[in-house]
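**Q** The residues making up each chain are set out below.
There are 2 protein chains.
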Amino acid sequence: MKLFRSLNIVLMAALLSAPSVLADERPVAMAIHGGAGTIEKSKMTADQERAYREKLAEAVNAGYRVLEEGGDSLDAVTTAIRILEDSPLFNAGIGAVYTYEGRHELDASIMEGATRRAGAVAGVTTVRNPIDLARMVMEDSPHVMLAGPGAEQFADSRGVKRVENSLFDTERRRQQLEKAKKKIEDETRQKGNEQAAVNALPVAFRMGTVGAVALDKSGNLAAGTSTGGMTAKRYGRIGDSPVIGAGTFADNDSCAVSATGHGEYFIRFNVAADICARVQYQGKSVAEAADAVINQVLLPVGGTGGVIVMDAAGNIALTFNTPGMYRASRSSDKPLYVGIFDKE
Amino acid sequence: MKLFRSLNIVLMAALLSAPSVLADERPVAMAIHGGAGTIEKSKMTADQERAYREKLAEAVNAGYRVLEEGGDSLDAVTTAIRILEDSPLFNAGIGAVYTYEGRHELDASIMEGATRRAGAVAGVTTVRNPIDLARMVMEDSPHVMLAGPGAEQFADSRGVKRVENSLFDTERRRQQLEKAKKKIEDETRQKGNEQAAVNALPVAFRMGTVGAVALDKSGNLAAGTSTGGMTAKRYGRIGDSPVIGAGTFADNDSCAVSATGHGEYFIRFNVAADICARVQYQGKSVAEAADAVINQVLLPVGGTGGVIVMDAAGNIALTFNTPGMYRASRSSDKPLYVGIFDKE
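If you read the protein sequences in the order shown, they are chains P and X.
Just so we're aligned, residue 1 is where the first sequence starts under the working numbering, counting upward by one.
Just so we're aligned, residue 1 is where the second sequence starts under the working numbering, counting upward by one.
The set of hints was computed from the structure by calculation and includes no laboratory data.
Careful, some of the hints might be misleading.
Put simply, identical chains are the same to the list, so a pair is met inside one copy or across any two.
To be verified - Below are the DMTMM-like pairs computed for lysine to aspartate or glutamate, each with C-alpha atoms no more than 20 Å apart in a straight line:
#1 K334 - E58
#2 K179 - E164
#3 K181 - D140
#4 K183 - D140
#5 K334 - E25
Next up, chain P with everything else stripped away, as it sits in the complex:
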């Protein structure tokens, strides 16, 4: 009996002193999105589709590699999001949509599941990778959310290089702005009401975000989101992406979420945190909780979009109520998956 007890102590000591061995057996998981919306196969050339699939695979693989090498979930999230921000294909960083005034105002946020630390920036115009600035707010400021010129003063105080706002320009987004402004003007004339006019804009003008969720070998979740917001947005509009609980949420006790869609609905319905609340308080799986919020709460009231969700066991849900969502995932027990349309 005494022998057994000693043996137990020795074994326990061995286990405690060898966390790397245990950690190596723990699952890692990575998922990303590049926005949801009216993405239809019939409207995309084979070349366009290939370009999206390749970039999604590149981003999810880069994040996955960080995790596999023992890096933490925050690094995996920022690595993947930087690649999406730097690509003109997505509405974040380079390729961000234009505001009504013809500029780019970028929003981003990040959250750590272990500590529930969070950082967010809104209305940033001259920082190339807003996700990195959001992380800096989290790690190197007493605040969670910084907006506008103040966020850029903070960037200066931390030695972050500033870029010209025109760096984010793309011809495709410029054309979208012209279309959106014409539609808003036509509708405002007809309806005499700007709110009705903007609400009448096709869903495509409201969509586009990039995001990532990750689980590392220490069992820690993280989530991040970055966006150029809504085409032709005005008045310093802030969407859900930099709002913790709406566009981004991470808590090791429930799940990590990054959202994309019509941001106003995602704020009002507290989408990211509500999914995690259902996981934690109702014992739902991430797939059940995401389905309940995206398809049963949001869809009936006209809230279109989607989410990527991950729990601390590495289970992943990629859920949307739009015709498509750019998405990819990879985990210890599931190979690379890349999807764009409803079924594929």
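Given chain P, put chain X in place with the hints provided.
**A** Same frame as chain P, but now just chain X:
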């Protein structure tokens, strides 16, 4: 049998055609707060205490009157909050704290429980009653959250009168700024780290918000919050007050909440919405849910502050983990209550 059925139909018709009679029997309820913090009886003169108690009673009674006369919960919330914004006693509107740069940047938000519509403004400098502007964003814009100069362009577009930023000046808050800046500079010299310095600021510098929750005769909840934020705040910092789910939340299916406290914690822990999630998914009372989040989740990690919470039956919780919270309530079945310190 046929007779009974006819009688039932007649009775039902009578009930359906007399909603005002039914509505008059429904409870109404009103609660407000004027901030939580290190409010101690020993540090307050009898005159100061009386001034606070009188203003709290005035605001809660004004909101209650709106409800009693059949007005809706949104009107009750804005009526009470305008009185608190216009008083120099509280950190919102006139009497708002100063930013690091010696100005006032005001945040506010409002939410309607029946529809979950919401409106919020952040970093407003020249609108006298930010709560009214937040309501205008909710009712007369396609957006939920507007920040900075854009929010003021929106105010202009809707004919809202602008005021000088100096309207919000008070000598008491000016002195608080000088103290806070000196403390931050001393601590930064000692610790070589601005984050540590700001974290070392006494809790009093982080606190101060006003808010209201209301239940009207139609059974609809509403919540609103308004603040000048944190003394010596920098870099366009946004606290929890304009963040739906953090500082403000309302949903007829669960509860209405307005929060006050160290905003960064209230954002990270999604305080207002988490209280309502516990009511909805765990079947907790508003008192149990508020206690769980404020005392069991926030307090252990150093998140100080409080909330006022109301459900659709008119139950009220006024919960805080600080030495005091300015607060008042009144409902169909409970007389006027005004409290400042822990026990009274």
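**Q** Now look at each hint and say whether the structure bears it out.
**A** A quick look at each hint next to the structure:
Taking the closest pair of Cα atoms, K334 and E58 come within 20 Å of each other only inside a single copy of the chain (17 Å); across copies the shortest separation is 62 Å, beyond that limit. In this homomeric assembly, K179 and E164 never come within 20 Å of each other (Cα to Cα): the closest approach is 25 Å inside a single copy and 38 Å across copies. When the C-alpha separation of K181 and D140 is checked against a cutoff of 20 Å, the pair qualifies only between copies, where the shortest distance is 19 Å, while the shortest distance within a copy is 39 Å. Taking CA atoms no more than 20 Å apart as the test, K183 paired with D140 passes between copies only; the shortest distance there is 19 Å, against 43 Å inside one copy.
Taking the closest pair of Cα atoms, K334 and E25 come within 20 Å of each other only inside a single copy of the chain (15 Å); across copies the shortest separation is 59 Å, beyond that limit.
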